[in-house]
Structure formats: structure tokens, C-alpha cells
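Quick mapping for you: the protein sequence lines, in order, are chains F and Y.
Using the numbering used here, you'd call the opening residue of the first sequence number 1088 and step up by one each time.
Using the numbering used here, you'd call the opening residue of the second sequence number 55 and step up by one each time.
Everything labelled a hint here was simulated from the structure, so no lab data went into it.
These numbers come from a predicted model, not from an experiment.
Please note that the accuracy of each hint is not assured.
[Claimed, not checked] Only part of the chain F face toward chain Y is listed, based on derived beta-carbon distances under 7 Å:
{"#": "1", "residue": "S1901"}
{"#": "2", "residue": "I1903"}
{"#": "3", "residue": "E1904"}
[What the hints assert, rightly or not] Incomplete in silico selection of chain Y near chain F, CB under 7 Å:
{"#": "4", "residue": "S168"}
{"#": "5", "residue": "E170"}
{"#": "6", "residue": "A203"}
{"#": "7", "residue": "A296"}
{"#": "8", "residue": "G299"}
Just so it is clear, CB atoms sit at the ideal spot from N, CA and C, and this is done for glycine as well.
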Amino acid sequence: MISGRGRGKIRPPRRAIIGHGDSDFDAMWELLRSALREIHEKNASKLSFEQLYRASYKIVLKKLGDRLYDRVKEFEEQWFAAEVMPTIRALITSNLVNITTGGISGATANERRTTGEDFLKGLKASWEDHITVMNMTTDVLMYMDRVYCSDNRKASIFTTAMGLFRDHILRSPLSSTDQNLITFDILNSVILDQIGMEREGDVINKHLIRSCVYMLEGLYETDEENENDKLYHTVFEVEFLNSSRAFYRNECLGLLRDSDASTWLRQTNMRFVEEDARSRTTIAVSTAPKIAAVVEQEMISSHLQEFLAMEGSGIKAMIENDRYDDLTLLYQLISRVDPSKEPLKNALQARVVELGSDINKTILNTDFANLPAEDGDAAEGADKEKDKAKKPNAASKATAAAIKWVDEVLQLKDKFDTMWRKCLDEDLILQTALTKSFSDFINLFPRCSEYVSLFIDDNLKRGIKGKTEGEVDEVLDKATTLIRYIQDKDMFERYYKKHLARRLLHGKSESADVEKQMISRMKLEIGNAFTTKLEGMFKDMQTSEDLSSGYRNYVRNLGDLDRKQIDLGINVLTSNHWPMESMGGSKDEAEGGRQNCDWPAEINTLQESFKAFYLKERNGRMLTWLGFLGNADIRCVFPKMKESGNLGRERKYEINVTTYGMVILLLFNDLGDDETLSFEEIQERTNIPTTDLSRVLFTISVLPKCRVLTKDPPNKEHPKPGDKFAFNKCFWSKAIKIKAPVISGVNKVEGEEERKETEDRNDEHRGNVIDTVIVRIMKARKEFTHQLLVTEVISQLTQRFKPDLGMMKRRIESLIEREYLERVEEAATPTYRYLA
Amino acid sequence: MPPMTSTQRTMVNQFMAITGVPEKTAQKLLKTAGWKIEQASDSYFAQSGGSAPASRGDGLEKLFESYRSKEDEVGEMGVNGVMKYLQDIAVNLEDASMFVPLEIIQAPSLGEVSKEAFVNGWKAVYCDTIPKQKAYVAQQISMLSTDMALFKRVYRHVFVCAKDKGAKALPLDNAIVYWQILFAAPGKEWATPSTNWIALWVEYLTAKFTKTVNKDMWNQTFEFFLKSMQDETLSFWSEDGAWPGVIDEFVAYVKEKRGGAEPMETE
């Protein structure tokens, strides 16, 4: 069989060797045995490798490899029993045994460490010796390994010797009486004890432990040396993880009992770092993920909720006091155990809603403290006036409160945004959750749409004055964010239109450019349909400017200059773009028919002239003149009343009043001295609605700034039927140009009544929208079940508002009544059919 | 032949009145038709040749004309004629039975019948003389509280003839009167062991409802009547259902009442 291996040249004569027989083996073995002894006693240098190799070679050639193999094993066993074990046993003190068996060792930590280290050193030394010795032995017996072991499928002598070490050293019972306790147990407990000391803060000999771990990694459960069966994995690692689990469970309980969440976070984080380092330096890297899992489970998952709920240091306090470090740690730890971060998410959401509800509550309470007084008598808004100073501007206070609400919401948003960026790693799941919570509490607040619109109004009027482009952008960003949260977009649109209308018509807008930016942002955010009307309003303003100048040219070219010229600036508003009903004017039902006032002759000519001009190019349009929206500059002359003083000479003023105001004042032109006009007479001649009339008269006969009329009785009440008015000849003012105060020119929080009106109007509008959507859906589906119809309607409207279930049902019923739909008879589930 | 139920006996009598066949034959024919009187008479007349309907049509027209007074428009019977006719076929004008013949002849209002509808209505059930019609109506009335399909037909027709011509809805007061008539004998009483529904319904409407009763509400009230008769705990009701708002509110009203009086059944 050897001839086949092509080594003929060095092969010794076969016959000669075979001739020696058994006695030859004994001689050879004796040679080898004494050599092995020398090797074990570290005297290998004297030995001749060639001689020994030849001896083993001969034995194997004579087919006595099995005997040699067994003898070597036997030799090793004897060696272990006689030489190695006694030393190791000597190192195992009763202390170590006590620790292993769970008894209490009387020794101090220091003693324990030294005895432990001695033991480990001893074991390590014997292991290292064993390796060295076995390497040499393997060299000597190389031929046996190569020929005998591989032919007979036996483990190499090295492997076998490793197995022997495992069985005879590690697994040898400590004493013949107690078969349960083996050296391995001592080894484990010593290492674990040392690690335990390190966890308590002691310094230990990591290197020594690492060597012992190497040893365990070099030994296997069986001689097949299966990778998964390393003793390290099968025995030590299991013990290590178990004891660590117990340790951390205790530690976590201790922290829960004695410490706060902050300490817990830091401790836990430190433990992760420590364990990771330990895996790298002291035990095996492969254990790192496993021990991390143990720490995660014991330190984080098991008591997470309790720590989060801790008073004064839990998540509430962390958010409250901007403890960014804590939050960062918390986020990192929770991310370890739960990729969806459910606990953190819930806690954050709850907190946002809680804080948000607080803001809502504060504002609502403020409102209640202020508003009742205003609701009763002054819903129309006269409370802006100075004579009500004693109940200081309830409405403007409410407006301030509205803006405060928005500011606080924004602050809260800022706070969480900062937190999200700094601590939460800009986590998308958490961002969605936060957004949802914000949206939730904002929509819980019944007036959010109005307040947000007021906030924008305030900023576009004054807030952006003197701000840089960047700052303005920031304000717009904030506004856009808020709009995004609002669920009832239609309500918001309503308010925005109302506020925008006032800004545009009263020239209150700070910058047309910023207005447009805001609109284009809303367009992006909510969609085209939302902004068409708003854009229409801007367009109207633009067209109106062109119209006014066009008209001026037209008049100039008429050559009709002898007439006392009135300069006309006009705004032509497309009625369905502008929120006519909320721009002021009389809301009195009873006077609905009195919308058109009787214009004075001068004005009438002017109107006719403009109408002619306007309709020349736009045939078929209807022009309605809205007296309550415009204003006029009037030149007024007051006679000299006294010889000296303020009234000592004739006074000319330019007074700016509302269009109605102008109509009223013109009446007094034709009046003789000391003649008066009663409220009824004025109304009779002008046909101005009662509420408007009272309001306008209030500004020019009661408020001191522009008191060009006197009122009888001269009190501070709103003018009412029965009052008499006369030209105030004694009027005096420092300024030449006077602007009569305009009521309802300022955007402010609505009173309860007004609010209800707006809501009713909005509901009505929603009803129509729902009708349209239902009909559109049914037209496409022909037959559709109630459930699906409702779902579909909601999903189609979700961009604009959240339809109320009751309202939807009422709309369906009404459509059935109007025979757009019918119920399908005998349908298993309620179904409607579209009637074409 | 097994003994007949009382309904079946009425039917046999009626069938004999319509066709004039002996009792045995009537029983046989009805049985083959699965105790459906209309089918039975259909097949009887189909067998005995097409002459009968034509002549009956003539008879019905004559009958109609005999009730029409001179003031009435051509092809229409006025209020006096209708009243006399109803008395002649012996229906009680005080309860639900009155609506049974009105449904058959599809009266567009309480005091008005068109000739065409009259003739067609009776022709379809093969009753061309007063006695036959009387018998048929009596039999239908007897089944009103058990045959829900019949009851539903009658119920729905009440809305048609109760409202003013051209009107879309019924004033609440009138509707309540009709409900009270319909949901009482010989109609089906709307009551279950624990609840007198019709009383509760009227009480609720009187207290809370201010609008008029439209067709949808009228018809849906019947559906709700059927359901509540089967399940008085109202577990079939859900907020997401397609019931009209008035029913939803009625359910809330009932639940509140029950909640006050006794704890709700745990269903």
C-alpha cells in the first residue's frame, strides 16, 4: 500500500523491520515513553527527533499503530492523574468550592480574587504546558497521525489529547465522594466571580481570564470538534449569560427602588458599554450580542414603563425640563429593544396632547372671563371704542389671547421639534406620531381655524414690519405648519377669506408680496381649489386699480370738466370670491330688503357715469354699490365761532369717513343753521339699514376724534331712533386730515353670536358640498351600500374637513326626499340607488 | 284530506265566492296552487277559457259607474261614491280595514278612485261583484296582522292616499293618526312584551319631532317596526346604519328612557 505513494527511495527494507516482532514494539515504546516523559518534564532539547520519529514510524509500519495510540493515551491519563491534577487540586481552596456551591465564602473580595487568580493561573499553566507538550508529541508521532489515524478514522492524537484534558482535568471530580462538583464548575464560578468583582468596580486580571476563555474555545464537547460544540459556548457562555441575567435583574430592581430614571438611563448605558468592552477584552467577541440582549431585556424592557412613569425624573420631567441628554439616552435605549419605539411614542403623544390641552384650557378660561360682558350688548364690535376703557377692550384682549394661543402652540411645537432633532435622531415614526398628536389637540380646540387665521392676519398686518426676508419666511413656515394640522380646512378658508377681505379693502396689508407668498404656500399645502377664490380676491384688487385709473382717463377725455369733480377710486369685487356676508353690513333679517341705500344726487351721477364706463366693455354685468365697505374724503368747513382761541377762525378739515358717513354728512349741507335731523329722518332719506346707521352715526357724533355732528341727548350711547343730530359748528381738531374711526375694520375674535353664525354658514356650505359629493359618487356607482358611501364621502372630503356622520345622513335623507336617491328594497345591507 | 287551518278555510270560502265552484274543487285547486288564492284563480280561469275576464271587466265597469255621481269627472269616483262603496263591501271606516280595499283599487286619495285602477285592481283578483269583493276584502283583513307582505303593501299605500294631492309629505298630526290606526287591530299591533312601541313612538314624535313626515320616513318606520318586533332590545340598530336621523334619535330616546327605568338588557 505504501508503494503507491511514490516514496520508494527513502523506504527502508521492509523485511528487516517485520522480522523483529513484538519484542521490538516494547523496545520502541519504551524509547518513546521515556521520551514523552522527558517532553512532559520539559527536557525535550536532549531528545533526537529523528530517532523518535523512526521509532513511531516503525511501530506504525508493523501495523501496531493501535497499540501505540492506546499507550500514548494511557500515558497521558497517567500523567494527568499523577502530575497535573494534584497541583490544580491544591489551588482549589475551600473558599472556591464554597463560592461554586453557592455557599457564603468567609473570605474578603481581595482574598477571593487572589485565590481565584491563583487557580486560574495554575489551570492556565497546565493548559499551556499541555499544548506545548502535545505539539511536540504530535510531531514525534506524525507518522501515526498521518497513516494510522487517517486510515482508521481515528481522531489525531492531538485532538484526543485535548479530549483527555477536558475529561481528566476539567471534568474530573474534585473528590471521590462528591461526583457532582468538577473542576469546570470551579473554573466557571471563579471567572464569573471575577467578572462580578469587575462589575462592582474592582480591577481584575482580564488577560488571565481571556487565556482561560481561549482554553475553553480550544476545547470541544466531543472529539469531532464541531464548531458549535466549543466548551465555551456549551458551558461557560450559558452560565455567564444566566448569572448576568440574574445580576441585571437585581440591579434593575435596585435602581427602580432607590434611584431615578436619569440614573437608570446612565447606568444602563454604562452597562452596555462595559459589557461590550468585556466581550472584547475579557471573554469572547461572539458573546457581545448575546449579553447585550440580556441587558436589553433585564435593564430596559422589563421595567420600562415604571421608569417612564417616574415622578420627577420620568419622561414627563425630561420633556418638561428639556433634559436632552436623558431623552437622547432614552431614545437610544428604547430603539434597542423596540424598533417601533411604541412606549416612547405613546409617552410623547400623551405628553403633547396633555400640554396642548392645557394651552387650550387656559385660553378657553381666559375667554370666559372676558367675553360674557361683551356678548350681550356689543356683539357688533363697538367695544373697540375708548369710552369702554373700563372694561378694557374685551375683544382685542380676546384677539391677543388668540394670538397667544397660536404662539404657545408654536412654542410647544418648537420644543418638540428641537427635541426631535437633538434627541430622537429625527426618527420618522416619532415624527408622524408627534404630528398626529399636534393635529389631535389643535382640532380639539373649537376655534383653531379662526385663531390661526387671526395669527396670520396679525403678522401680515404688523408682525412682519421691519423683519428680514428670512424672518418673514420663518413666520410663514410656522403658519403653514399650523394650517397643515387643521382638519376643518373649509372653516379655515372661511376665516382666512374674511380676514383677507378686511386687509385688502381697508388697506391694512403690510406687503402684497408676502400675502402672495402665503397664498402660494397654501396652494402647495392644500391644493388649488382652496386658493382660487383667494387669488380671485387679489385679482379683483388689481383689476380695480386699473379700472380706477381707466375711469379717471375716461372722465378727463369727456371734457366735462366744468362739473364739480369727485375723484372716484373703486373696488369691483366678484361677488362669489368675496365673503360678502361676513364683511360687515347689516345682518338684520327684517331689513334684508334695504340693502340699497338712497344715494345723494351727486353720488348718483357719479355712479351712473362709472356704470356707463364699466358696462361699455362688460355688457350684462350687475353692479351693486356697497355703502358699508367704501370710504370717502370730505372737505368740511367750520365757521369762526369766537374771537380768539381754537375756534377763533374758520377751520377746514379733510375728513375720511365711510361711504355711509359721507351720505349722512351730505344731508347736513342743505340744512340751515340750528336745524336738526332725527334718526328716523336720516334713515328715511338715506335708507341705510338701522344697525349700519347707528354704527356710522356713533363714529361721527359720539366718538371725540371726529365729532362733526352733535347728538341729542348728548350721551355716550349708540344712536337710536328718536335721537336728533345737528352740525357741530364748534368742532376743532389739531390735525387737518382726520380719519373717522372705522368699526369692523379690524379683524378680531368673533363673539359667541357671530361665531355661531359663521358655523351655521359653514355647516350650510358643508351640506351643499356633501350633497355634491354624494351625488357624484352615486352617479358613478349607480348602486352603493350605505357603509361604502359614507366611507367614500369621508375619504373624498378628508382634504377639506371631517364630515359629521349625522350631517351626512341628513344629506342622504334629503337627497332621497328630493328623489336623487332611493333605498334599494329588500337589500341585505342598506343600499342606495341613484335616480337619474 | 287533512283539516284546514282557519286561514285556509277563509280562502276556500273566498275562492268559492269568486269562482262559484263546489267546496271540494275549491280545496283541490287551492292546494295545487300552494294555497295562493290568486294563482289558484288564475289557473282556474285559464282552464275555463278566456271569456270570464272580459265579461268581468264589463261587470266591473258597470259596478264602478253605479257609484259614480254626476258631479264626478268621467272615469273618476268622488268622495260620496267611495264612502258608499266602502260601506257596501262592509269595511269598518274606523280602523285599518278601510285601507285594504283602497290599496286594491289604488285610490290616489281617500275620496277618489279612478275607473281604470278600480277595474284592473279587482280584475287581478277575480272579484267582479259586490259579494265577491266583500268576501275577498274580509279575508284579506283577517290576514292583515299575519301576512307582513300584505300589511306592508297596505301600509305603504296609506301614505299615498293620506297625503294631499301633489304634496310630498304628510303633516305630523295626520301621520300619527294613521300610525295609530295601522298599528292596531286589525292591523298588526306594534308592541312587544316589554314595550308599547306605538305609544312610545307617538310620544317621542309629539315631544321632539317638528317636521312633516316624508315618504322615506314613512317607509323606514315600517322597516323599523318589523325589526323592533323581532328584537325589542334594538341590537340590530347601530349608529353606522342607514336609518334616517329620526329613527336614530328615537332609538336614543328609547335607550335613555329604558336606562332611567331599568338597566339595559345585556345583549
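Hint-by-hint comparison with the structure:
no.: 1; hint: S1901; in the structure: 9 Å, violated
no.: 2; hint: I1903; in the structure: 5 Å, holds
no.: 3; hint: E1904; in the structure: 5 Å, holds
no.: 4; hint: S168; in the structure: 23 Å, violated
no.: 5; hint: E170; in the structure: 25 Å, violated
no.: 6; hint: A203; in the structure: 11 Å, violated
no.: 7; hint: A296; in the structure: 3 Å, holds
no.: 8; hint: G299; in the structure: 5 Å, holds
Hints 1, 4, 5 and 6 from the earlier list are contradicted by this structure; the remaining hints agree with it.
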